[in-house]
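Participant: Could you put the whole structure together from the sequences, leaning on the hints where they help?
There are 2 protein chains.
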Amino acid sequence: MSNKVVGILGGGQLGRMLGASASLLNIPIIVLDVGDDSPAKQILNNPSSKNLSHIDGSFKDPSFILQLAKKVDILTVEIEHVDVNALRKVRETHPHVEIHPSPETIGIIQDKYRQKLHLKEHLGGSSAPLGPFRSVDATREDIERAVEELGLPLMLKRRTLAYDGRGNYVLRKSDPPAIADAIQFLCPIGAGKDELYAEKWVPFIKELAVMVVRGRDGKVTSYPAVETVHRDNICHLVWAPFRTTSVEQDPGIRANAERIAQEAIKSFTGAGVFGVELFLLPSGEILINEIAPRPHNSGHYTIEACESSQYDNHLRAILGLPLGSTKMKVGAAGMVNILGSDGSEPSQPNEISFSPDAIIDKLTHVALSTPGAMPHLYGKAQSRKGRKMGHVTVVGVSDAEVRERMAGLLQALAEFERQPDSKTPPTPASLRPHLLGQSHPHPLISIIMGSDSDLPTMVPGAHILQKHFPSVPFEVTLVSAHRTPLRLAAFAKGAGERGVKVIIAGAGGAAHLPGMVASMTGLPVIGVPVDSKSVAGGGGGLGGVDAMWSILQMPRGIPVATVAINNSTNAALLAVRILSAGNPDLVREMEAYQRGLGEEVDKKIGTLGEIGWGNYGKK
Amino acid sequence: MSNKVVGILGGGQLGRMLGASASLLNIPIIVLDVGDDSPAKQILNNPSSKNLSHIDGSFKDPSFILQLAKKVDILTVEIEHVDVNALRKVRETHPHVEIHPSPETIGIIQDKYRQKLHLKEHLGGSSAPLGPFRSVDATREDIERAVEELGLPLMLKRRTLAYDGRGNYVLRKSDPPAIADAIQFLCPIGAGKDELYAEKWVPFIKELAVMVVRGRDGKVTSYPAVETVHRDNICHLVWAPFRTTSVEQDPGIRANAERIAQEAIKSFTGAGVFGVELFLLPSGEILINEIAPRPHNSGHYTIEACESSQYDNHLRAILGLPLGSTKMKVGAAGMVNILGSDGSEPSQPNEISFSPDAIIDKLTHVALSTPGAMPHLYGKAQSRKGRKMGHVTVVGVSDAEVRERMAGLLQALAEFERQPDSKTPPTPASLRPHLLGQSHPHPLISIIMGSDSDLPTMVPGAHILQKHFPSVPFEVTLVSAHRTPLRLAAFAKGAGERGVKVIIAGAGGAAHLPGMVASMTGLPVIGVPVDSKSVAGGGGGLGGVDAMWSILQMPRGIPVATVAINNSTNAALLAVRILSAGNPDLVREMEAYQRGLGEEVDKKIGTLGEIGWGNYGKK
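Chains D and Z, in that order, are what the protein sequence lines are.
The first sequence: position 550 = 550 (the UniProt record's numbering), numbered continuously.
The second sequence: position 600 = 600 (the UniProt record's numbering), numbered continuously.
Hints listed in this document are in silico derivations from the structure and should not be mistaken for laboratory results.
There is no bait here: all hints are sound.
Just so you know, same-sequence chains aren't split out, so a pair can sit in one copy or run between any two.
Okay, derived cross-link-like pairs now, DSS-like style, lysine-lysine, Cα gap no bigger than 30 angstroms in a straight line: (1) Lys89 - Lys71; (2) Lys71 - Lys50; (3) Lys604 - Lys493; (4) Lys193 - Lys60; (5) Lys603 - Lys493; (6) Lys60 - Lys50; (7) Lys604 - Lys618; (8) Lys60 - Lys388; (9) Lys327 - Lys206; (10) Lys4 - Lys385; (11) Lys388 - Lys50; (12) Lys385 - Lys60; (13) Lys327 - Lys467; (14) Lys120 - Lys266; (15) Lys266 - Lys4; (16) Lys385 - Lys50.
Facilitator: Listed below in C-alpha cells is the structure:
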C-alpha cells in the first residue's frame with residue numbers, strides 16, 4: 001500500500017472512477033459522503049482495522065471535513081460544491097495535509113461570477129476568450145439594465161450551486177412578468193445578495209470540452225478537445241477527438257481550444273484535472289463557458305480511449321507523480337450518458353437485469369452487444385429522471401466506426417423515449433444512414449478531382465470501395481488547383497483535422513492537383529493521371545502521359561503515390577491498403593478481395609478448358 | 001445492481017481484476033478466501049446489510065463452498081485448485097446455482113495427467129497437438145521405464161497442485177541418485193498413488209498463449225495469440241500479438257495457435273475464459289503445454305489493449321451475456337510481472353512509496369514515467385521472493401514502440417537484480433539498442449530490392465528515415481523476383497504477420513518485384529523504378545522509364561504506389577505518411593519536416609537577395 005492516503009470530498013461516480021484508478025496503484029482512499037454505500041465507497045473496501053474507514057457525513061459539513069483531514073495526507077474533491085472555509089481551516093490546523101486543487105481555486109470556480117472575473121483578469125481582460133457578462137441583482141430594475149447592456153435573449157445564472165443546467169434561466173423577453181418569472185425560478189425562496197449574474201447570449205454552433213491536467217509544479221497538459229452534445233442542459237454525448245466538418249472550417253480550432261483551456265487552467269493554483277467547457281462560434285472563435293475543478297463527464301471516455309485516463313492523471317497530479325500520457329490510443333471514441341427515467345416502462349424480459357429502471361437495463365444490454373462498447377454503471381441506489389446512472393464509452397478505429405457502433409445505443413434510447421401516441425420514433429441526426437452514391441460525413445478517404453469532367457474516370461474507384469469495402473467511409477468532391485487554388489489550400493491543410501487519412505487526387509494535363517495537395521498536408525496522397533483526351537474538350541492526344549509525368553516526377557521531399565493512367569480502381573484499393581496501417585482487419589479484407597480476383601480467373605480457366613480456345617468469347 | 005450474484009472461489013489478483021470488471025456492470029460479487037483483506041475483497045465493499053458479505057474461509061473447504069453457494073446464482077473460480085467434489089455437491093443441493101466452468105472441467109484440468117489424456121482423446125488421438133507423455137509411479141523402476149520410453153531430459157510433473165513451475169522437475173540423468181533427487185523434490189513427504197506423470201522434453205523455441213472465451217452455448221472465440229517469456233518457470237513477459245520474426249517462418253503460426261487453442265477448449269464443458277499455453281517448435285509445429293480454466297497471467301494485457309478484457313469476457317460468458325470483442329484496440333502491447341524480492345535493498349528516496357519492497361516501488365515509479373504504461377498493484381499484504389505482486393502493461397502503436405517503452409522497466413529490473421560484486425548489469429536481449437545502419441528487429445517499413453546493386457539507389461530512403469523519423473523502425477533486405485521467387489512469395493505472404501505495415505520495393509528493368517509482392521499481400525506496396533543504367537553492368541539506356549512503366553501500369557485490382565524514378569527518398573517519405581493512418585503523431589512530424597524544407601528555401605532566398613543572382617553559386 002502506498003504511504004500516502006488520499007481523502008475525497010464526495011463519493012459519487014467521479015469518486016468511484018477515481019477510486020478504481022487508485023486501486024491500480026494500491027493508493028488508500030478515504031471517502032467522505034453520506035451513507036455507507038455511495039458509488040465510490042462500494043469499490044473501496046477499507047477495513048476499520050487499517051484506520052482507513054470511510055466517513056459517513058456531508059462533504060459540506062466542516063466537522064466531517066476536519067475528521068477526514070485527520071486521516072489523510074492529501075485532500076481532493078470530486079464535486080466543487082464543498083465548504084471552502086473548512087478547507088482553509090484544514091490548511092491552518094493540519095499544515096501537512098495538501099489540498100488539491102487549492103481552496104482558493106475551488107472558491108473561485110464554485111462561484112461562476114468570480115470564475116468569469118478571474119478568467120477575464122488572467123486571460124487578457126477585454127480580449128479574454130469570454131462572452132460579455134456582468135453581475136446582476138435579483139431585481140427587475142437591475143435585470144432591465146442587464147438586458148439593455150447585453151441584449152436578449154439573456155442568460156441569467158445563479159452564481160453558486162448550479163450544475164447540469166440547474167440555476168440557469170434564459171430570459172427571452174424583458175417585460176415585467178417575464179422578469180418576475182425568472183426571479184421566481186432562480187430565487188424561489190427569495191433573493192439574497194450576490195446570487196445571480198448575467199451572460200450575453202452566445203450563438204454557438206457547437207460545444208467543446210478540454211480536460212486539462214495541472215501538475216503540482218503548475219505545468220499543464222491536456223487531452224484532445226472533444227465535442228459535447230447536451231440535452232436539457234445535461235451532457236448527452238461526447239465525440240473524441242473534436243473534428244472539423246467542412247473544408248471551409250479553420251483546421252486550427254482543436255489546437256486553439258486546447259491552448260485556451262490550458263492557459264485558463266495555468267491561472268489557477270493547486271494540482272489536478274480540470275474540465276473546461278467551451279463554445280465554438282460560427283466564425284471559428286472559441287469562448288470559455290465554464291470550468292470544473294475536477295474530473296469531468298466529458299473526460300469519461302479517457303478510461304478506454306487514452307494512454308492514461310483523467311482519473312489516473314488526477315491522482316498522479318495531486319500526488320506529485322509524473323503525469324501520464326494524454327494521447328488517445330484508439331482512432332476515435334464516443335460516450336453517451338445513461339440517465340434515469342421516470343420508470344414508467346416495464347423492464348425487458350432479459351434473463352439478467354442490471355437495474356429496475358428499464359432504460360438503464362436496456363442500454364446496458366444494447367452496449368453489451370456492441371463491439372467496442374463498455375458500459376459503466378455507477379451503483380446508485382435510486383434511479384430518478386435525469387439522474388446520471390451510468391455511461392457507455394464506445395471506441396473504434398475511426399469516427400465513422402464509432403458513430404456506427406453508437407447508432408444502436410442512440411436508436412434504443414430514441415425508441416425508449418418515443419411518446420406512446422407517436423408512430424415513428426425520432427431518428428437522431430447522427431443515425432441517418434450513409435446513402436449509396438453520397439459522400440460519408442466522416443470520411444477516411446477523400447477522392448478529389450479538378451473538374452466534374454474527371455468524374456467518369458474517378459467514379460470506378462468510388463464504386464469499388466462501396467461494393468467491396470463497405471466499412472470504409474469516403475467522400476467525393478471537386479478541388480481545382482488552377483481555378484480554386486484557395487480551396488485547394490484549405491482542403492489540404494484541413495483534411496487531417498476532418499479525420500481524413502488518405503487523399504486520392506485525379507488530374508489530367510498539367511495535373512498539379514495531387515502534388516500541390518501533398519505539399520500542404522502530411523497525409524498520404526495518391527495521384528491518378530487522367531487521360532484528358534477521354535474527357536470532353538480536353539487533352540492534346542498524349543493519352544494521359546502528360547499527367548502521369550507531372551504526378552510521378554515529384555521533387556525529393558514531397559511524395560505522391562502514382563497509379564496507372566485512369567486507374568482510379570487501383571487508387572481506391574491502394575487507399576484501403578494504406579488504411580490497414582491503422583486497422584489490421586483491412587489486410588484480411590484486402591486479401592479476401594485478392595482471392596476473389598484469383599477465383600474469377602479460375603472460372604475463366606474452367607470455361608476455356610471446357611469450350612476450347614477456339615470457341616472462347618463467341619456467343 | 002444486477003439481479004444475479006456471482007461467487008468467486010479465490011480472492012487473489014485474478015479475482016481482483018474480475019471484481020473490477022464486475023463493478024463496471026454493478027454485478028454483485030461475493031469472494032470466498034481466507035481473511036477480510038485479500039486482493040479481491042479490497043475492491044468489493046459489500047455491506048452486510050445487503051446479505052452480500054464476503055466469506056472468510058478457504059476455497060478448498062467444502063463447508064465454506066456450500067456457504068458461498070447459498071448466497072449466489074453463479075459460482076466461478078479464479079484458481080483451479082478447489083474442491084471439485086464440493087462443487088459437485090453444490091450442484092445436487094443447489095440445482096439453481098450455475099457453476100462455470102463445470103466441476104468436471106475443473107476436475108480434468110486440475111489433474112495435469114487427466115488434462116493430457118482428455119486432450120489426446122478429443123483432439124485426434126496420436127495426431128493431437130501434444131508431446132508424448134505417460135503416467136509414472138514415484139519409483140526408480142517406473143521412472144527408468146519412462147526414461148527408456150521418452151528419453152532424456154525427461155520432464156517429471158506432479159499431477160495436481162502444481163503451478164508457476166512448482167511441482168515440475170527436469171530429470172537430466174537417469175542414474176539412481178538423480179532419480180532419487182527427483183522423487184525427493186516432487187514427493188518430499190513420501191509418494192502416494194497417481195501423484196506424477198512424465199512428459200517427453202519439448203525442444204520449443206518459443207512459448208505462446210491464447211486466451212479462449214467459451215460461452216454457455218459452447219461457442220468459442222479467442223484473443224490473439226501472444227508470446228510469453230518465462231523466468232524460473234514463472235511468467236515474466238508477454239508480447240501481444242505474437243509475431244513471426246523471419247521471412248522463413250510460417251506466417252500461419254498465429255492463426256494455427258488460435259485454432260488449436262479454440263479446438264481444445266471446445267472439448268470441455270461450462271463457460272468462462274481459459275488460458276491455453278503452447279509450445280512453438282523449430283518446425284513451426286505447435287503443441288499444447290497446459291490449460292488453465294480461468295483468466296490467466298498471459299491475458300492481463302487485454303485490460304488496456306483489447307476492446308473487452310479477459311475479465312469482462314469471463315463475466316459475460318458465465319452470466320450468459322453476449323461475448324465482448326476480443327480485438328486489440330492498440331497496435332501492440334507488452335506486460336511484465338512485478339515479483340516480490342527478498343527485500344534486501346533499501347527503498348528509493350521517493351516522496352511516495354508504493355511498497356516497502358524496493359523492487360515493487362522502483363518498477364511502479366519507472367512505469368509511471370513511461371508513456372502508455374499502466375502499473376497494477378494487487379494489494380497483497382506481504383511481499384516475498386517470487387510472489388506475483390503486480391504487473392505493468394505497456395501499449396503502443398507498434399511492437400517497436402512497446403519494446404522501447406518496456407526497455408526502461410526491464411533495465412530497472414536488470415539493475416536491481418545485479419549482483420553486488422558484478423560491475424555491469426546484465427542487459428536483457430530485448431534492450432539491445434537499435435544500431436544505426438542496421439535493420440530494426442521489429443520493422444514497420446520493409447525496404448526490399450532485387451540486388452545489392454540497387455542499394456546505392458535505395459539507401460537515401462533509409463537515410464531519410466533514420467535522420468528525420470527516428471521513431472519509425474525499418475529493415476533493408478534483398479528479395480529478387482527472378483532469382484529468389486520463393487523468397488519473394490514467403491516475404492510477401494509473411495510481412496503482415498511480422499508486423500510490417502508498408503513495403504518499399506526498388507526494381508530496375510523488367511521491375512517485377514513491386515507488382516509481384518503486391519499480388520501476394522494486402523499491405524500497401526511502394527515501387528521505386530530504378531534506372532538500371534546507373535547500376536554496374538545493367539540497363540539499356542532507358543533511364544529507368546522501362547522500370548517505371550512496369551511498376552506503374554499494374555492491372556486493375558493490384559495497386560502499386562509508384563514514385564519518381566530513383567526517388568527512394570520520396571518512397572520513404574510516402575511510407576511515413578502511410579504509417580500516419582495508424583499513428584496521427586506522424587502527420588505532425590511530417591508537417592514539421594515539410595516546414596523544414598520551406599525554411600531551407602527561405603535561406604536560399606535570403607542569400608540570393610543578399611549577394612545577388614549574378615554571384616549566387618560562385619565561391
